[in-house]
Amino acid sequence: MSMTLKALLKSPWVFHLSTGSCNNCDIEVLDCLTPRFDVERFGILLAGSIRHSDVLLVTGSCNRMSVERLKKLYDQVPKPCLVVGIGTCAGSRGVFIDSYNCPVPLDHIIPVDVYIPGCPPKPEAIIAGVVKLIQKVGNG
Amino acid sequence: MTREEVIADLQSRFGDDIVELVDKSHNRVYMEINPRAITWVGTYIFRDLHARFNIASATDMPHHMEILYHFTIEDIDLMVNVRVKLPKDAPKIHSLASAIWALDWIEREMHELLGIEFIGHPDPRRLLLPDSWPEGVYPLRQDYREWDKTAVRDRGV
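Just so you know, the protein sequences line up as chains A and B, in that order. Throughout, the numbering used here is defined as the position within the first sequence, counted from one, plus 2. Throughout, the numbering used here is defined as the position within the second sequence, counted from one, plus 3.
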């Protein structure tokens, strides 16, 4: 495991990006960050800028307008970075699979490391997903 | 003005342009009007009756395009829904955006999603669809078919 990746796992800074979700996943992400679930005790901190972050949290079904922004943002993340797809929309586009505005799924656009299914996933599920990701990367 | 006075006022003022006026319930009136009258009817309800413009909604119906303009007169708790029916082959109507500023974006959205042309709109650019979207393809029409050959429509399992 590279030194940067090892350092990243100690305290992953996350950047939250909504690619056209209904905002319910975003609310659950917000729940994770606020005191009741408080992921900061695991060292997970919300970064204000994509250039400061290690983990990209993507919610939503990737519509045509936001896909361009998603690519631009992914280019700006310092590598190595991890990508978490939160919610059914980010995983498989959910009910929007036949939508005119959602032509390709998230993993055809950028590589995704972990999917957290649910509509929306509970904050517990999001925390479990991120912990599993850290374990997976930590074990090589 | 009370509710009954507003309805009587609309009927006397725009009698020729009103196709149908349905007194639906105690707080809702549907008024179908001639499409050419939308500028003065809409402006009158907004300016003189002091209604709040909520939203406009367009639908691709089996035989026509329909636009509903939703106005609320809050003092008397009355919702006036102005309905216009446009022909499907060339849906065209005068824009209200220069008179009621809130209609700017919703008219742009109705134009790009349903292909309704708003004559005299101050800023007829695209609002929601990307620039790569082809001209003349309107996704919320009933006869819309997929044009994008690169689209993936399976879940990969």
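Just so you know, these hints were derived from the structure itself, not from any lab. Watch out, some of these pointers could steer you wrong.
Unchecked claim - Per label pair, the in silico range of CB-to-CB distance:
no., chain 1, residue 1, chain 2, residue 2, range
1, B, D126, A, S51, 30 to 40 Å
2, A, N26, B, D80, 28 to 38 Å
3, A, I111, B, Q14, 55 to 65 Å
4, B, R158, A, D115, 15 to 25 Å
5, A, K73, B, V160, 47 to 57 Å
Claimed, not checked - Subject to a maximum C-alpha distance of 30 Å in a straight line, what follows is the list of computed DSS-like cross-link-like pairs (lysine-lysine):
no., chain 1, residue 1, chain 2, residue 2
6, A, K74, A, K134
7, A, K12, A, K73
8, A, K81, A, K12
9, B, K95, A, K73
10, A, K74, B, K152
11, A, K134, A, K124
Unchecked claim - Listed next, the stretches of chain B that the computed footprint assigns to chain A, with coverage defined by at least 3 CB atoms under 8 Å from CB atoms of chain A:
no., region
12, 131 to 140
13, 144 to 153
Backbone N, C-alpha and C define an ideal beta-carbon position, used for all residues, glycine too.
Comparing the hints with the structure gives:
1. About 32 Å separates the C-beta atoms of D126/B and S51/A, a value consistent with the hinted range of 30 to 40 Å.
2. Judged by the Cβ atoms, the range 28 to 38 Å given for N26/A and D80/B holds: they are separated by roughly 32 Å.
3. One distance hint, 55 to 65 Å for the beta-carbon pair I111/A and Q14/B, holds here, with the actual separation near 56 Å.
4. Take R158/B and D115/A: their Cβ atoms lie about 19 Å apart, and the range 15 to 25 Å holds.
5. Between K73/A and V160/B the Cβ separation comes to about 25 Å, which falls outside the hinted range of 47 to 57 Å.
6. Distance check on the hinted pair: K74/A and K134/A sit about 27 Å apart at the alpha-carbon level, within 30 Å; holds.
7. For the suggested pair K12/A and K73/A, the alpha carbons sit about 27 Å apart, so the restraint of at most 30 Å is met.
8. A threshold of 30 Å between alpha carbons decides the hint, and for K81/A with K12/A the separation of about 16 Å falls inside it, so the pair holds.
9. Restraint check for K95/B and K73/A: not satisfied, since their Cα atoms lie roughly 38 Å apart, outside the 30 Å limit.
10. The hinted pair formed by K74/A and K152/B meets the criterion: a straight-line CA distance of about 24 Å does not exceed 30 Å.
11. A C-alpha spacing of about 15 Å is found between K134/A and K124/A, which places the hinted pair at or below 30 Å, so the restraint holds.
12. With 5 residues bearing a CB less than 8 Å from a CB of chain A, the region 131 to 140 of chain B meets the requirement of three and the coverage assertion stands.
13. Here the region 144 to 153 of chain B counts 4 residues with a CB under 8 Å from a CB of chain A, which clears the bar of 3, and the coverage holds.
In summary, the numbered hints that this structure violates are 5, 9.
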